[in-house]
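Let the sequences and hints guide you as you build the complete structure.
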Amino acid sequence: MVTRGFTGRRPSAAFARRLPPGQFETDDFPVLAKGPTPELDLATWRFTLSHGPRPLASWSWAEFQALPRTRWQGDIHCVTTWSKFDTRWEGVGIDDLLAAAGVAPPSAFLLALSHDDYDTNVPLADLVGGRAMVATHFDGQPLTAEHGGPARLLVPHLYFWKSAKWLKGLRFTARDEAGFWELRGYHMRGDPWKQQRYSDDP
Amino acid sequence: MSGPTHWQEAVIERIASATPRIVSVFLKAELARHIAGQHLDVRLTAPDGYAAQRSYSIASAPGQPLELIIEKLDDGEVSPYFHDIAQAGDALEVRGPLGGHFIWRAEDGGPVLLVAGGSGIAPLMAMVRDWARAAVDLPLMLVCSARTWGELAFGEELEQLEASRVDLRFVAAITRGPGRRPADRTQRLDAPALKELIAQWGQVPRHVFVCGSNRFVEGVTRGLADASLPAGMIRTERYGGAE
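Residue numbers (the numbering used here), protein chains in the order written: chain A, 15 to 216; chain B, 950 to 1192.
Because the hints were derived from the structure by calculation, they are not lab data.
Treat each hint with caution, since some may be false.
DEER-style ranges, computed between Cβ atoms [claimed, not checked]:
| no. | chain 1 | residue 1 | chain 2 | residue 2 | range |
| --- | --- | --- | --- | --- | --- |
| 1 | B | GLY1181 | A | ALA192 | 17 to 27 Å |
| 2 | A | THR158 | B | HIS1050 | 20 to 30 Å |
| 3 | A | ARG32 | B | GLU1145 | 47 to 57 Å |
| 4 | A | SER74 | B | GLU979 | 54 to 64 Å |
| 5 | A | ARG23 | B | GLU962 | 39 to 49 Å |
| 6 | B | GLU1106 | A | ARG31 | 42 to 52 Å |
| 7 | B | GLU1106 | A | GLN155 | 38 to 48 Å |
| 8 | B | VAL1153 | A | THR40 | 33 to 43 Å |
| 9 | A | GLU191 | B | VAL1153 | 29 to 39 Å |
| 10 | B | GLU979 | A | ARG31 | 30 to 40 Å |
| 11 | A | GLN155 | B | GLN1149 | 33 to 43 Å |
Think of the CB as a built atom: it goes at the ideal place given N, C-alpha and C, for glycine as much as any other residue.
This is the structure we're talking about:
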């Protein structure tokens, strides 16, 4: 359906190829969160990998810094329709995290858990194989609180609500359990190239 | 297929100036009844098929004609269309109502504290209007920040509503000009100002909603934390990347 008089502002062909459907490119880094930004103390910060209620491994901030580091550069996509190109991140890859924990994945599904009681589900397949990290740095600097610092999940190939801010742990779940936004109408997987925004999008 | 994620046609019934930079766009569309605080996705399509979509909060009360308020962003792609081109009778596409967190229903109870920065008033206005129509016995305070009184959307409607409802407290926080009423504030909404406003209100809020730019929401939520409000009762919605 054509909207009378709307012409729009098209991205260049190079940018258009990198934009998933329904997205626009921005230089800004918008902030979205369900509530206030928590202030977290590195002295008491812990990251816990668990299977249901059972902890599998846990790291203090100092211990977490000693894990192998991963860098990634690329484009991120928010379900609110902005995309940001060539973002640079650094942190601990999920593959390295699982290796450090010394455990075989007990299930194919996880929930990312945050300090502000946010959570979001991500299948194991979307976290391993170099596809995701626990990010502690953005653009060469420690991640600021409003962008999820000290540590957030980074799953850049899915809509960014999956990249939970203020991450405190990853929990293996027996089945694919809906998280905060998934319980409120958003898609269980959230692939931007398939426009999986809302629960009944294909 | 129908439902909130199905795109459908909406017709612009009327566009009215709300402030020098904000228009109210009234839409006619066959959508499910919304909950105060929810938004619509709006999609505009050019003749060659290029489309742009954005989300706008609904400012009208549930069951009332759909009203969106749209602030003009000078370098925006979609907002200038609503300010400079769109007319009554034009058609576009919408889907919704959407959103299941930044919402309030009368049965959720109160007291309710609403804090709006600029066009962030839209979803909070829907809550105030819903509260007024539900005629429930619970206190509500709305604090709206704007640079000048003239840039405050819905100022007159809120003044009239406050005159008829003793359980509504409406405070305009004007940052670059004089206030208009004794209750108005002329400084930023920092922690001392928020503490004082809550003390003067005399209520302990049960639900707090803060909506505006990220900078505004960060400042207000830090102030509310200093005023000892638990983070778990505070819901936020942050607009755009214009900051």
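Going through the hints against the structure:
Separation of GLY1181(B) from ALA192(A) is about 20 Å and conforms to the stated range, judged on CB atoms against 17 to 27 Å. Distance hint for THR158(A) and HIS1050(B): a CB-CB separation of about 23 Å, consistent with the stated range 20 to 30 Å. Hint check: ARG32(A) to GLU1145(B), Cβ distance near 49 Å, so the stated range 47 to 57 Å holds. Checked against the hint of 54 to 64 Å, the C-beta distance between SER74(A) and GLU979(B) comes to roughly 56 Å, which is consistent with it.
One distance hint, 39 to 49 Å for the beta-carbon pair ARG23(A) and GLU962(B), is violated here, with the actual separation near 27 Å. Distance hint check for GLU1106(B) and ARG31(A): the Cβ-Cβ separation is about 47 Å, which falls inside the suggested range of 42 to 52 Å. Roughly 45 Å separates the CB atoms of GLU1106(B) and GLN155(A), a value that falls within the hinted 38 to 48 Å. Checked against the given bound of 33 to 43 Å, the beta carbons of VAL1153(B) and THR40(A), roughly 39 Å apart, stay inside it.
A hinted range of 29 to 39 Å holds for the C-beta pair GLU191(A) and VAL1153(B), which are about 34 Å apart. Distance hint check for GLU979(B) and ARG31(A): the Cβ-Cβ separation is about 36 Å, which falls inside the suggested range of 30 to 40 Å. As the Cβ distance of GLN155(A) to GLN1149(B) is approximately 41 Å, the hint placing it in 33 to 43 Å holds.
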